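There are 4 protein chains.
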Amino acid sequence: MLAVHLENRHVAVKRVPRPRPPRGFALIRLLCGGICNTDLELQRGYYGFAGVPGHEFVGEVVALGARAEGVRLGDLVAVETHVADMTCHLCRRGLMHVCANVKILGVDMDGAYAEFVAVPARNCWPIPAGMSLNVAAALEPLGNAVHTVLAGDIAGCSALVTGCGPIGLFAIAVARACGAGPIIASDVNPYRLDLARKIGADVVIDASREDVVARVADATEGRGVDVVLEMSGHPTATRQGLTAVRNAGRVSLLGLPSDAFELDLASLVIFKGVTVQGICGRLMFQTWRQMNELLTSGRLDIRPAITHVMAIDDYAQAMDELKRGNAGKIVLVPWGERAELGQLAAASAQG
Amino acid sequence: MLAVHLENRHVAVKRVPRPRPPRGFALIRLLCGGICNTDLELQRGYYGFAGVPGHEFVGEVVALGARAEGVRLGDLVAVETHVADMTCHLCRRGLMHVCANVKILGVDMDGAYAEFVAVPARNCWPIPAGMSLNVAAALEPLGNAVHTVLAGDIAGCSALVTGCGPIGLFAIAVARACGAGPIIASDVNPYRLDLARKIGADVVIDASREDVVARVADATEGRGVDVVLEMSGHPTATRQGLTAVRNAGRVSLLGLPSDAFELDLASLVIFKGVTVQGICGRLMFQTWRQMNELLTSGRLDIRPAITHVMAIDDYAQAMDELKRGNAGKIVLVPWGERAELGQLAAASAQG
Amino acid sequence: MLAVHLENRHVAVKRVPRPRPPRGFALIRLLCGGICNTDLELQRGYYGFAGVPGHEFVGEVVALGARAEGVRLGDLVAVETHVADMTCHLCRRGLMHVCANVKILGVDMDGAYAEFVAVPARNCWPIPAGMSLNVAAALEPLGNAVHTVLAGDIAGCSALVTGCGPIGLFAIAVARACGAGPIIASDVNPYRLDLARKIGADVVIDASREDVVARVADATEGRGVDVVLEMSGHPTATRQGLTAVRNAGRVSLLGLPSDAFELDLASLVIFKGVTVQGICGRLMFQTWRQMNELLTSGRLDIRPAITHVMAIDDYAQAMDELKRGNAGKIVLVPWGERAELGQLAAASAQG
Amino acid sequence: MLAVHLENRHVAVKRVPRPRPPRGFALIRLLCGGICNTDLELQRGYYGFAGVPGHEFVGEVVALGARAEGVRLGDLVAVETHVADMTCHLCRRGLMHVCANVKILGVDMDGAYAEFVAVPARNCWPIPAGMSLNVAAALEPLGNAVHTVLAGDIAGCSALVTGCGPIGLFAIAVARACGAGPIIASDVNPYRLDLARKIGADVVIDASREDVVARVADATEGRGVDVVLEMSGHPTATRQGLTAVRNAGRVSLLGLPSDAFELDLASLVIFKGVTVQGICGRLMFQTWRQMNELLTSGRLDIRPAITHVMAIDDYAQAMDELKRGNAGKIVLVPWGERAELGQLAAASAQG
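Chains as they are written, first to last, in my numbering: chain A, 7 to 357; chain B, 7 to 357; chain C, 7 to 357; chain D, 7 to 357.
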């Protein structure tokens, strides 16, 4: 089959053997995929990965290994990419999202940027009827946003989203759908701030020119925000969030800092009585259920954040778009789905 | 001053002495009031009340007693009607809404259906600039709905609201603003079901003709609802809610049953692992803050539930409307606010 | 193999085929079992069960079916008796204890009162080194108590335990180990009240002679209790608990009422802002982990509640003891473990 | 009256005017006080404080200002030292412990190391009958420990306490009383580690010689701890705690770092899904209620941590003991309570 293949920091589309689904696995035919900063990091050589990348996608179940339960042939499914061992002490507590032996699709094993991919059947989430494929391809990162937003109180809360990449944009949309307000978004990129406003931010702050903490104070009558959703991984944004949050507020961290950095825990966390949450993956599968209901009830619409629909053959070019930063979520259409490409682009434009 | 006055189940508008605000109290000039089933019950002789009823309202602070802190002359305020003693063991835990010695405005002491009313300054909630007076008059019962809806998870949850009186309608609007879906509403009154649909229910069920549990199952792919918001006080609706909720779901009770009734706790609560919450009043003042943010951010619009704007002189007639059941929230405009009456009615019609 | 066998309300010890562990199952050789009211109900014909009863036990893993993961041959294990399907919408949310298609060992399938029993490997909980077998045999019902006590705040809380059967006694011990105080216990049986005191109740109330609500008020300086743990299933005890709990308190129900009964929800639940929780089974496997730590750290000692060690051949006689009510937990020693019988009895006597 | 007086980093006992209780205040005659690191910092010139220090104490109510409610003349009271304004947006939410305008007794206003001190009546907590005065004098810092331990799940949880100063020792005792186990304590001071063992730690680690993370792994069968209670403020201990905690565990920070320091949030917090809580003060007054019940029920005994009973005239010498680190809690007996001094020392020796 055709696949995007990564080796020694070099990416190429080439023919590789089609996988066969082992016991408990389903074989998925790719219908639409999404790219993510992790894919960039893989290409830069982090994780020492060689193989087929890709961990955001939707596809059709075309074959089932023995004892593959919970999905049927023909189902359209999105896929939880954390493959938990189900037997470690954390999985036994129901904490599969931080399994002690987790493997991640497209990072620790071959992923989805290929004609076919084999995944554990229990990781499949049948998508609701009528969901557009580019939305379905984005459920995995949207799930990160849902997990972050719903990790504490959000309805009737003011919120600051620091970092308006795709997951930051999703977080704005989710927070709005869940009753947060005012929603304040900060970034240093005007293109992304424009998207932030389109998807539902009440206030946007250009952190390269404006005083984030002062503007948050203005927008909250001096109280500071109830909740900070940190999506950038930047030390400055993290400190701004901890400064801008009110006493006893919540700061949920999803953005990954590239290095350790200095924090004044006494003044930013302890005296303020702030709760800082590290957020990893998605609750399995409570987050998926919540996300499903938000989308099918029409409360949540993430289409404004899906800005590019590209052919999977243009993977390298998609990566360049991602690096430039002038993109929301970029989705990829595989070989043989050319008709779909136009349709997806049109659907995205409507959003 | 003029006041609605209740004595021996008889209501009349008459002149009574204008109250003077004692230490820690504010004197409020009434701008708009709302009526509620509790007012009906007062009139029927429950609670043995004699005096000025009225516990839903907005007004202007026109005088302050000594040491009245937190409000200023000229503020427009809505009022928390639970007057807590602040010293009992429950208040000391922060549970002022269930204070052991609570007194309720318009039930245990003179209320608001008068030109002026004296209330503890700490019970005043300055309303945000630009809020329409009929919405502000409804903040007290809206707070009941916000407290009920936000007493547990709601975003990404399916919800059944049993009973579509004013607070049930508010609960539908709040649940929708906070990301619940699908939202299913049941009642036996077609007028109210119509309002339920207008204010945001995805599915409405006429419980006089339809099988509530079966329709909930249909609307949730057989799963049952995650959350039940019981607003009717009816035994049948309560049992339907407990039957329709999924295992380990939440059933929050605000509607007041008039009598004890039979429940099969083993099959409806224990084997299902359901949590049943009694909801009383509003968290003081967390619920008010959440409500404030929901309204000022525009996430929540309750105007479709405000169906009648009447003159306070027509109090008896308003009570009749309430009894007939073909009304959402009824608000009352006091003497000397005739201009306002038209304006409020117009605002309500737009909603 | 030898087994206790139930059919048409008749129990006998007889030879039945030894089970073979299917895929994913382990075969357990019984070392010690416990009996429970559910066993009495089975015998009375509830559930229409025919086969081998028994759902409280510890044993040794003597054979493994294919793909049986998480246990090894020779492990001593207690067993979670709720066999969840792992694929329903509730299991997918991590709510396996209320699985939509749950089967219960010894109720929906052959149980443990036999020389050997086959159970899903994932339901096995390896017991810590050094745990006595009669304690290990009681982990399943102890888990009910742990689940109930830890279903909300308990440290620094006053607690009322209504009903001092084995699980009520366990709940007293768990609540005490977890920082509850004062712990008040009510029952109508002096034998059980004596055990309640021995295992850690600070105050015991004979509900047949004393005013439970008044005595709770005395023991809490008039505040009422923070938490009620209802273990009797009796309407009177349930109402006493709801009356004795403070406003905004917690009432957790584990005892199973035999019928529907009347409750005044307005005065007992809604105006008081009380939370009523139905408790079912044990969280899988968070409750087991908590219970394990409580026991291995020595914080919790349940031996005072284990009052009878009997031979499994005396099953009918054990049932009679249970019916008479003058027993805490009764454990059964299987054929060929005669030496153990004396040893267990001795261990129990020390506790 | 006599008072310890601090000015320009110089401490002396001298005569100062006796305070008169203003409206809402009570005048307390000091019976027993405690010293704390904050007192050391005051003396080193932090906070620029001049006046009477002292914020841990018990005394007798000897006079009441107007409208001083909730206490009576003759009551023995401990005192919550955070004086909240009760009107800011945080107090209105019930978050008085992080009041936006908080003032702290003995830091922002005259404190307790004097014959008399005036405090807001609502900050008084009448101590239970029979409580020894040196325990009562330590309720304020004990409340810090109770707040930290009970800020999340603790029963059936393994816990690491980093830092065994007085509050760390209290935290060990509280965690044990609330069902934590195993409890692991680390410090670099053998004297304190010895106290840690005496007050209830199951495992003690000398962090100056041993590998804390490895020893925690050993003590938890490789799982890491469920909860970390950080009481040292040291960067190394904080990083050890974040490393030693299991995925999705809780790290509660009470110890105050003196400076900002580097943290690798990606690997220590985000990928692990850890929750980090800043803990400030005591919940007002939920923490006091929980502490009260833990002590009066006998579940909790902190006397092993009270190592020194000294005369208040020896304040400077007490400070030296504190600096040397070879002390648990040091309590001070005021002028005219010489008889008490011996009695307290005896009570302490029994503990």
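Hints are computed from structural coordinates only; laboratory data are not their basis.
All of these numbers come straight from a predicted model, not from anything done at the bench.
One or more of the hints may lead you astray.
What the hints assert, rightly or not - Not everything, but these chain A residues come out facing chain B in the computed CB check (under 8 angstroms):
{"no.": "1", "residue": "28"}
{"no.": "2", "residue": "158"}
{"no.": "3", "residue": "160"}
{"no.": "4", "residue": "184"}
{"no.": "5", "residue": "295"}
{"no.": "6", "residue": "305"}
Unchecked claim - Straight-line alpha carbon distances no greater than 30 angstroms define the calculated DSSO-like cross-link-like pairs of lysine-lysine that follow:
{"no.": "7", "chain 1": "B", "residue 1": "109", "chain 2": "B", "residue 2": "20"}
{"no.": "8", "chain 1": "A", "residue 1": "204", "chain 2": "B", "residue 2": "204"}
{"no.": "9", "chain 1": "C", "residue 1": "20", "chain 2": "C", "residue 2": "329"}
{"no.": "10", "chain 1": "C", "residue 1": "204", "chain 2": "D", "residue 2": "204"}
{"no.": "11", "chain 1": "B", "residue 1": "20", "chain 2": "B", "residue 2": "329"}
{"no.": "12", "chain 1": "A", "residue 1": "20", "chain 2": "A", "residue 2": "109"}
Think of the CB as a built atom: it goes at the ideal place given N, C-alpha and C, for glycine as much as any other residue.
Right, here's what the structure says about each hint:
For residue 28 of chain A, the interface hint is violated, since its Cβ never comes within 8 angstroms of a Cβ in chain B; the closest pair sits about 30 angstroms apart. Taking 8 angstroms as the C-beta contact cut-off toward chain B, the hint placing residue 158 of chain A at the interface is violated, the least distance being around 11 angstroms. For residue 160 of chain A, the interface hint holds, since its Cβ comes within 8 angstroms of a Cβ in chain B; the closest pair sits about 7 angstroms apart. Taken as an interface hint, residue 184 of chain A checks out: its beta carbon lies about 4 angstroms from the nearest beta carbon of chain B, inside 8 angstroms.
The restraint placing residue 295 of chain A at the interface with chain B holds, with a minimum CB-CB distance near 7 angstroms, inside the 8 angstroms limit. The beta carbon of residue 305 of chain A comes within 5 angstroms of a beta carbon in chain B, closer than 8 angstroms, and the hint placing it at the interface holds. For the hint pairing residue 109 of chain B with residue 20 of chain B, the CA-to-CA distance comes to about 25 angstroms; that is within 30 angstroms, so the pair holds. For the hint pairing residue 204 of chain A with residue 204 of chain B, the CA-to-CA distance comes to about 26 angstroms; that is within 30 angstroms, so the pair holds.
Of the supplied pair hints, the one linking residue 20 of chain C and residue 329 of chain C holds, its CA atoms being roughly 23 angstroms apart against a limit of 30 angstroms. The hinted pair formed by residue 204 of chain C and residue 204 of chain D meets the criterion: a straight-line CA distance of about 26 angstroms does not exceed 30 angstroms. At most 30 angstroms may separate the alpha-carbon atoms for a hinted pair to count; residue 20 of chain B and residue 329 of chain B meet this at roughly 23 angstroms. Using a Cα cut-off of 30 angstroms, the hinted pair residue 20 of chain A and residue 109 of chain A holds, with the two alpha carbons roughly 25 angstroms apart.
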